[in-house]
Amino acid sequence: MLLWRRLAALRAAPGPRRLSVAARPGPGPGPSSPGPSGDGDGALRPLYMDVQATTPLDPRVLDSMLPYLTAYYGNPHSRTHAYGWESEAAVEKARQQVADLIGADSREIIFTSGATESNNMAIKGVARFYKSRNKHIITTQTEHKCVLDSCRSLEAEGFRVTYLPVQKNGLIDLKELEAAFQPDTGLVSVMTVNNEIGVKQPIHDIGEICRARKVFFHTDAAQAIGKIPMDVNDMKIDLMSISGHKIYGPKGVGAVYVRRRPRVRLEPLQSGGGQERGLRSGTVPTPLAVGLGAACEVAQQEMEYDHKRISQLAERLVTKIMSEVPDVVMNGDKEHRYPGCINLSFAYVEGESLLMALKDVALSSGSACTSASLEPSYVLRAIGTDEDLAHSSIRFGIGRFTTEEEVDYTVQKCIQHVKRLREMSPLWEMVQDGIDLKSIKWTQH
Amino acid sequence: MAAASRAQVLRLYRALLRESQRFGGYNYRTYAIRRIRDAFRENKNITDSEKIEELVNKAKANLEIIHRQVTIGQLYSTQKLVIESPGNT
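Chains as they are written, first to last, in this note's numbering: chain U, 1 to 445; chain B, 1 to 89.
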């Protein structure tokens, strides 16, 4: 009698169990994922230096989200019970956290599924609402694809769009912007920090110009929020797009700031039960909103510390590479930029080959949303980069969790492979012999 | 209040660092250790007891967060990064 009880007790108490990904099939690197070559250590993971594409969740953000993914699962729009009330309270707290980061009122923050939706809402929404009197929109050639595509679809609806060119340093010319205004301009959209080359547009000045002409100013601040100080009143911004997964928050959530004084009206894209002031119907995903709010609060606290560190690491990366390797060009203005986004072109080296060679480091050339196509980045084309230099560009991303060790490793591998690839390049050989490549007449065979 | 004694602060500091060492993920581990050190260093000359108590409470809350996140990391662990070798951080 006692024996079976003892056996049952033994079987039932296995002690703390370590469930590791390797122990069962499921989430984890797929068969095609690269590991370091020939070390024999098995699949060690590459370093992550692509923070412009996405960022890891900050542990503080995940911690704030988990209760709403487990115990507190109520719908924030349920008015009749505690599950709904506690969920709503969490969403409203998150809304305030987002508002505090940008100097806005919490009633001006609308939760969306991400910056792409926010951009679509802001641009199409404002254009369509005021279409009886304003049919012209001004934007730039270096905007994110979702802004450019929204403008393109508005052109099909009868709007006129001016795509402002940028100078060689990636910044717009304010005089050109002023000249582009027409009597029926209704909206100007310029992104704060570019995701490919990291340049920072003169948002203060653009805000002044737009306010003076009573034209709404929208900015895609996905890469800027939480990294540089943003104040919607200081900068005279009327609409702003925010992305969760660029600031160590969850993927699938974002927000749009819509000014209330003076009031900006929008035609909603998504119809339904009238949630989010009727501008964006649909159940607000409480855990995601809570995550976005927490990410904004953490970012506000850590902004100065992170910025200082990231600037130092960026300086280290660029200085080390440029001192060891000649013929490297930094794309975008050296001064008006966010330091954590560095785009370098390595002359006489093919970009894809360099990326493949650097397989122990997760990097990209051009933005994630355009990396499938073979065309060189339209942003690099807009700043006047030569075709061949555009193909040799790599974007290095430095973030809150990047270490000095990772930067040094990346720099070392980069220098090693650039040198190796150049040794193999006949073009490089010709350049070493003093031949001007542009003077060569390539003959047909 | 005895809540803000030097010994208690040091105990907290050591506990935070010890817990952070248990992070499985390289980036989280190095960030936590670095941030804790820098934050305590930055605040080492504060004398206002109210402010000290506020910071101590924040540290306690962060200790719990780190403990939970370390545990979650162990449940969903993955391979090490290429620059991690035995004996390194």
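Treat each hint with caution, since some may be false.
As a list, the in silico BS3-like pairs of lysine-lysine whose alpha-carbon atoms are at most 25 Å apart [claimed, not checked]:
(1) B/K58 / U/K308
(2) U/K93 / B/K58
(3) B/K44 / U/K93
(4) U/K124 / U/K251
(5) U/K251 / B/K80
(6) U/K175 / U/K251
(7) U/K175 / U/K413
(8) U/K308 / B/K44
(9) B/K58 / U/K413
(10) U/K359 / B/K80
(11) U/K413 / U/K438
Hints in this document: simulated from the structure, not taken from any laboratory.
> What are the numbers of the hints that this structure violates, sorted from low to high?
Replying inline: Numbers 3, 6, 7, 9, 11, in rising order.
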